[in-house]
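Okay, here's what each chain looks like letter by letter:
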Amino acid sequence: AQKITQTQPGMFVQEKEAVTLDCTYDTSDPSYGLFWYKQPSSGEMIFLIYQGSYDQQNATEGRYSLNFQKARKSANLVISASQLGDSAMYFCAMRESFYNFNKFYFGSGTKLNVKP
Amino acid sequence: EPEVTQTPSHQVTQMGQEVILRCVPISNHLYFYWYRQILGQKVEFLVSFYNNEISEKSEIFDDQFSVERPDGSNFTLKIRSTKLEDSAMYFCASSPTGEGASPLHFGNGTRLTVT
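The listed protein sequences correspond, in order, to chains A and B. The opening residue of the first sequence carries number 367 in my numbering; numbering runs sequentially from there. The opening residue of the second sequence carries number 37 in my numbering; numbering runs sequentially from there.
No wet-lab data here; the hints were simulated from the structure. Hints are supplied without guarantee of correctness; some may be wrong.
[What the hints assert, rightly or not] Among chain A residues calculated to face chain B with C-beta under 7 Å, some are:
hint: 1; residue: 410
hint: 2; residue: 418
hint: 3; residue: 472
[Claimed, not checked] Calculated pairs, PhoX-like style, for lysine-lysine (alpha carbon to alpha carbon, straight line, at most 20 Å):
hint: 4; chain 1: A; residue 1: 477; chain 2: B; residue 2: 93
hint: 5; chain 1: A; residue 1: 369; chain 2: B; residue 2: 93
hint: 6; chain 1: A; residue 1: 369; chain 2: A; residue 2: 436
hint: 7; chain 1: B; residue 1: 78; chain 2: A; residue 2: 369
Every value quoted in this text rests on a predicted model; they were computed, and no experiment measured them. Even glycine gets a Cβ: it sits at the ideal position worked out from N, Cα and C.
Please model the entire structure based on the sequences and the hints provided.
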């Protein structure tokens, strides 16, 4: 079974609008972390936002917020007021804490295109 | 802000040759990783390294690959007898702890092209 599933291979959004990138995960570990990374066309991996499994509130970092629904095992990234520079590949990732702390599991990514 | 540094940014090698990819993790980090990403595909785990030894490795990380932390700062990935299918972007990453809250900090990657 896939640990991280991103069902949207590509998304378009109009500049200045909000967009939600979907991510679902699979783990039996009670303690885990969820992360989103941005990969621009230049190739580097940029950490955006983190959500812990025990966090009561949804994480926010500037224009990024994470819609964490634990019972549904989803951790969607919301980008508000999209900018042209947001065009990139976005990866959802999970780190399990107790049993497999060595490994990050990555989803297959969503390519976001922001239209002017 | 401290960052993970990878060299070279691009390496071209002939099939069958050995390559060494170099990384300098963030200085107070304890966990080190190599990942690879074949063009346009997902990011794949290769190996994790802690306390001067491999903690875990994936099925990809066979006898062709080895890692080393020779001098307490550099972290290298050696690929012996390279194959065409080894062409990919190789990312080094480090993390201060092994706890679930710690993000991986990635370097900018080395693009390996095997011809």
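Original post:
Taking the closest Cβ pair, is residue 410 (chain A) under 7 Å from chain B?
Top reply: Residue 410 (chain A) check passes; min Cβ-Cβ to chain B is 4 Å, inside 7 Å.
Subject >> 20 Å Cα cutoff - pair residue 369 (chain A), residue 436 (chain A) >> reply: Distance of about 15 Å is within 20 Å: holds.
Original post:
Against chain B, is residue 418 (chain A) within 7 Å by beta-carbon distance?
Top reply: Interface hint status for residue 418 (chain A): holds (5 Å vs cutoff 7 Å).
Original post:
Taking 20 Å as the top limit, are the C-alpha atoms of residue 369 (chain A) and residue 93 (chain B) close enough?
Top reply: 17 Å, holds
**OP:** For the pair we were handed, residue 477 (chain A) and residue 93 (chain B), check the Cα-Cα distance against 20 Å.
**Re:** 28 Å, violated
Original post:
Does residue 472 (chain A) pass the interface check with chain B, least Cβ-Cβ distance below 7 Å?
Top reply: Since chain B brings a Cβ to about 4 Å from residue 472 (chain A), closer than 7 Å, the hint holds.
Original post:
Hey, residue 78 (chain B) versus residue 369 (chain A), does the alpha-carbon distance stay inside 20 Å?
Top reply: 13 Å, holds
When each numbered hint is compared with the structure, a violation occurs for hint 4 only.
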